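Engineer: According to mature numbering (1 follows the signal peptide of the UniProt record, and there is no 0), the sequence shown holds residues -22 to -1, 1 to 273 in order.
A portion of the hints provided could be inaccurate.
Claimed, not checked - 30 Å max Cα-Cα, derived DSS-like pairs, lysine-lysine:
#1 Lys173 x Lys123
#2 Lys140 x Lys176
#3 Lys115 x Lys13
#4 Lys115 x Lys18
#5 Lys18 x Lys153
#6 Lys190 x Lys176
#7 Lys140 x Lys167
#8 Lys205 x Lys8
#9 Lys169 x Lys153
#10 Lys169 x Lys205
#11 Lys167 x Lys123
#12 Lys169 x Lys13
What the hints assert, rightly or not - Pair ranges (Cβ atoms, derived):
#13 Glu124 x Lys169: 27 to 33 Å
#14 Leu204 x Ser40: 16 to 22 Å
#15 Lys169 x Lys224: 31 to 37 Å
Rather than coming from a laboratory, the hints here were simulated on the basis of the structure.
No experiment lies behind these values; they were computed from the predicted model shown.
A virtual CB, placed ideally from N, CA and C, is assigned to each residue, including glycine.
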Amino acid sequence: CEMHFLIYFNFFCRFLIVRCEGTFFNDKNKVTLLKTDWMKTLDESKALSALTIPGTHDSMSSSHQALSLHFQLDAGVRYFEMKASSPLLFNRKKIEIGSKSLDEVLNILKTFLAKNPSEFVLLKLIPEGLRKTETAKDITKVLQKEQGVWLEPTVPTVGQVKGKIVILRNSTYEKGVANQNTNDKKDSKFKDVEKHLKHIKEHLKRAEGLCKKGNLTVTVTSASSLKKRAKSVAAQVNPNLDQALKGLLEGKTRPSCLGVIATDFPGETLIDTIIKFNEAGSHLPHEQLNPPPRE
């Protein structure tokens, strides 16, 4: 009887561990906790730089995400980083993003925003490949035809972009809102969990200082190595990241903003933890914020 109890207890403990880990790390294309309208409580006069926003890194890649774009939106993700390219030979005007076209991606985002007008999404399009210069020009042509797209360099307020797609600029696409990455390229090379978490915490501390000055920041938690894929890294990092963020939420010096936090394979609890920072966000009025420098 004692042996049966120990077997059951061991199984129960393992079940709890799997359940808990699964809420921080998600490698299934499934969402149970819907966060489709979490932005409805945001102060419309607040600048986007004064928020903390859950995002995904390489949002359309199966090497970094399990959730489809639809499910990422339903789970509460509001920042998307997507690599864009154009075919070298046939249909050269088509802009490819993973297995979808740019038009298909925009339609998914617009459909979601039409159903949830309290929300907005941040979109960073990264042209790559041999035709990245032409791809960037083609992206601009597509976006300029759209009504609900913010392409200005200045950081808008929540009220200015509700129901819209906000484009963020980067080194290969110079249209859209100026923003700063808190990461260095070397940070994406994984060594061990402890060192990587240390880097992430340093980046978030930097993001806190920058966002208080009106700079829109992006912190990417992704990393990989020859021996360890991004998925394996995320499985270890995400629970620890959630714990670190909860420590900040419950601490005496709770950050007023941390900018965008872009993760690989985020679970629903991790996304929800990031969203909770907005319950006590920055009270700096928009007019007091300094314009952010170009990335």
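Engineer: Each hint needs a verdict: does it hold in this structure or not?
Structural biologist: Going through the hints against the structure:
As the CA atoms of Lys173 and Lys123 are separated by approximately 45 Å, the hinted pair breaks the 30 Å bound. As the CA atoms of Lys140 and Lys176 are separated by approximately 35 Å, the hinted pair breaks the 30 Å bound. Between the alpha carbons of Lys115 and Lys13 the distance comes to roughly 34 Å, so the proposed pair goes past 30 Å and is violated. For the given pair, Lys115 sits about 34 Å from Lys18 by alpha-carbon distance, which is inconsistent with the 30 Å threshold.
Between Lys18 and Lys153 the alpha-carbon distance is near 27 Å, which keeps this suggested pair within the 30 Å criterion. The hinted pair formed by Lys190 and Lys176 meets the criterion: a straight-line CA distance of about 22 Å does not exceed 30 Å. At roughly 36 Å between alpha-carbon atoms, Lys140 and Lys167 are farther apart than 30 Å, so this suggested pair is violated. Straight-line distance between C-alpha atoms of Lys205 and Lys8 comes to about 28 Å, which keeps the hinted pair within the 30 Å bound.
As the CA atoms of Lys169 and Lys153 are separated by approximately 35 Å, the hinted pair breaks the 30 Å bound. Of the pairs offered as hints, the one joining Lys169 and Lys205 holds, with about 10 Å between alpha carbons and a cut-off of 30 Å not exceeded. Distance check on the hinted pair: Lys167 and Lys123 sit about 39 Å apart at the alpha-carbon level, beyond 30 Å; violated. Restraint check: the Cα-Cα separation between Lys169 and Lys13 comes to about 34 Å, which exceeds 30 Å; the hinted pair is violated.
Look at Glu124 against Lys169: about 42 Å separates their beta carbons, and that is not inside 27 to 33 Å. At about 19 Å, the beta-carbon gap between Leu204 and Ser40 stays in the expected band of 16 to 22 Å. With their beta carbons about 25 Å apart, Lys169 and Lys224 fall outside the hinted range of 31 to 37 Å.
Hint compliance for this structure: hints 1, 2, 3, 4, 7, 9, 11, 12, 13, 15 are broken, all remaining hints hold.
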